[in-house]
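Engineer: Quick note, the sequences are listed as chains G and H, same order. Using the working numbering, read the first sequence as starting at 69 and increasing by one per residue. Using the working numbering, read the second sequence as starting at 2 and increasing by one per residue.
Keep in mind that the hints were calculated from the coordinates and are not lab data. There may be inaccurate statements among the hints.
[Unchecked claim] No more than 35 Å apart at the CA atoms, straight line, and that leaves these computed lysine-lysine pairs for DSBU-like: (1) G:108 <-> G:133; (2) H:9 <-> H:133; (3) G:215 <-> G:133; (4) H:100 <-> G:215; (5) G:108 <-> H:100; (6) H:100 <-> G:133; (7) H:100 <-> H:9; (8) G:215 <-> H:133; (9) G:215 <-> G:108; (10) H:100 <-> H:133; (11) G:215 <-> H:9; (12) H:133 <-> G:133; (13) H:9 <-> G:108; (14) H:137 <-> G:133; (15) H:137 <-> H:100.
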Amino acid sequence: MAVPQRSSGSRFTLAILLLISVTLISLDARGYEPLANLRKASTAILQPFRNIASTVFDPIGDAWKSLSEGDSLEKENALLRGQLSELLDYRVTTEGAVEELKALRTQLDLENLGGQETIVAEITARSVSNFDPYIIEIGKGTQNGIKDGMAVVSVGGLIGRIEDPGLRTSRVRLITDPNVNIGVLAVGTNEVGILSGGGINQPLYVLNGIPVSADIEIGSIMVTSGSERSPYPGGFAVGTILEIVVDEINLEKELIVAPTGQLENLEFVTVILYQPPSSEVGSNSK
Amino acid sequence: MSIVRVAKATLVLFILLVLQLELFANIRFFGVMPEIMLGAAVASGWHAGPRDGAVLGFVSGFLIDLYLATPLGLSALSYALISYVIGIVSELIAEDVEKIVRSVISLVGIVLGLVIFVVFGELIAEPNLYNKNFGKILVVGGLYTGLFIRPLHFFMEWVFHQNNYQNNQFAMSRVRR
C-alpha cells in the first residue's frame, strides 16, 4: 500500500495549535482577565441565537424529559413524601424539636432569607458538559447585582454559589460538586465541619471538623456556619444528617448528609446578594 | 483554506454549537449527551486531512470551551489532536472506503477524543474529570455521538470537498491536499 508523504507543515501546524492550547489553559488557570472577558463576550454574543434556539428546542427537550424521566420522577416524589413525613414525625417526637423546627421553618422561608437582599433568577440552561455536570446557568448577571461567590438557594436550602457571572447570565456551581467545600454546623451545636459534595444524586459528606464528643444526631439539620471567611451568610440550611460514622483514628465524626435544597427539576432559584466581610475568600474554601 | 471554506466551516460550527448548547444538552441518554463538536472535529479530520482538520478541530474545541467550566483550551487541545490523528488515518485509507468503515473509525475517534480530553484534563488542568461515570460517558457518549456521525460527515463534505466538475453535481473525491 502506498503511504502518502505527509508534509512537515501538518506537524508544524499541530505543534503550534498544541502550544496555543497549553498557553490558553495555563493563562486560564491563572485567572487571566482578558480570557474571562472573552468568555463573557462570547456568551453575550451567542445569547440572542441561543434564546431563539431555546424557543424552538425547549418543547423537544421537555417532551424528552417527560418521556425519559416520568416514572422516576413519580417514584422520587413518592419517596420524598415518605421521607418528609418520617422526618416530621421524628421532629415532633424528639426532645428540642420545637427549636429545630423553628430554625427549619426560617430556612424554608425564601421570602425572608435572614434579612439578606435576594434576587430570583430563572434557570436558562443546564450543564453543557458530560464531565462537569455540576453547573446550571441562570438568566441574571452582574447588571442585577450578582457577584462571584454569592450563595444560591432553592426551596429547602442552599444549592450552590455563583461562578463567573456575566452581564446578563451567570453560572451556578452546585454543592454536589466534589470540589466544593462549605463550612457547616449542626443546628444547636457550635462544631464547624467542612461539607463536600459527593457527586450527582449522591449525598454530601462532612469528613473533617466534627469531634466525636459533639452532640449530633441523625436527622439534625446542617446549616452554613457564616464564619468570617465564608462567602455564605450563616444559618442557611444545607442538608439533613442521614448517617454518622465514627472515625476512631482521627477521633472525629464523619457525617453523611442529604441536601435539603431542591436540586432537580428547578425552574427558578434565589440568589443571596451577600458580600462576605472578608474579600480574601478562596475560590473553593467556604 | 479558501475564504469560501472558512465561511462554510464557520457557518457549520456555529449551527452545531447552538444545537449542542440548546438542543442536545437537554436530550440525554442515561444522563449523557452527545459530543457534537467532537464529532465535527473527527469528521473534519477525515475530510480535510491532518493540517486543516487539526485547525478546524482546534476551533471546534475552542468554541465549546467558551461555554464550559473546564479550562479554556482543554477541548481545543483534545479536538485538534484527534482531528490530526483521524486526518492521518484517512490518508492511509482508500477514498472509496465503505461508509460503515468510516463510521466505525469515526466512532473510535470520538471515544479516543473523550479519553484524550480526560487524560489531558487530569494531567494539566482540571481534577475530577475522571470519575465513576467515565465508563458510562465513554460508552453512551460515544454511541450517542455516533448516531450523528453521518450528518456530521455530510456537513464536513460540504465544507471541504472541491467541485471539480463543470456542471453542478457534487464531487465525491476528498479534497486535494
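Engineer: With reference to the structure, classify each hint as holding or not holding.
Structural biologist: Right, here's what the structure says about each hint:
1. G:108 <-> G:133: holds (29 Å)
2. H:9 <-> H:133: violated (39 Å)
3. G:215 <-> G:133: With a Cα-Cα distance of about 32 Å, the restraint between residue 215 (chain G) and residue 133 (chain G) holds, given a limit of 35 Å.
4. H:100 <-> G:215: Violated, because 51 Å separates the two Cα atoms, which is more than 35 Å.
5. G:108 <-> H:100: Status violated; Cα separation ~40 Å.
6. H:100 <-> G:133: Roughly 33 Å between the alpha carbons, so the hint for residue 100 (chain H) and residue 133 (chain G) holds.
7. H:100 <-> H:9: Holds, at about 23 Å.
8. G:215 <-> H:133: holds (33 Å)
9. G:215 <-> G:108: holds (14 Å)
10. H:100 <-> H:133: holds (34 Å)
11. G:215 <-> H:9: Violated: residue 215 (chain G) and residue 9 (chain H) sit about 39 Å apart, past 35 Å.
12. H:133 <-> G:133: holds (24 Å)
13. H:9 <-> G:108: Given pair residue 9 (chain H), residue 108 (chain G) holds - Cα atoms ~25 Å apart, limit 35 Å.
14. H:137 <-> G:133: Cα-Cα ~19 Å, so holds.
15. H:137 <-> H:100: holds (26 Å)
In this structure, the earlier hints numbered 2, 4, 5, 11 are contradicted, and the remaining ones agree with it.
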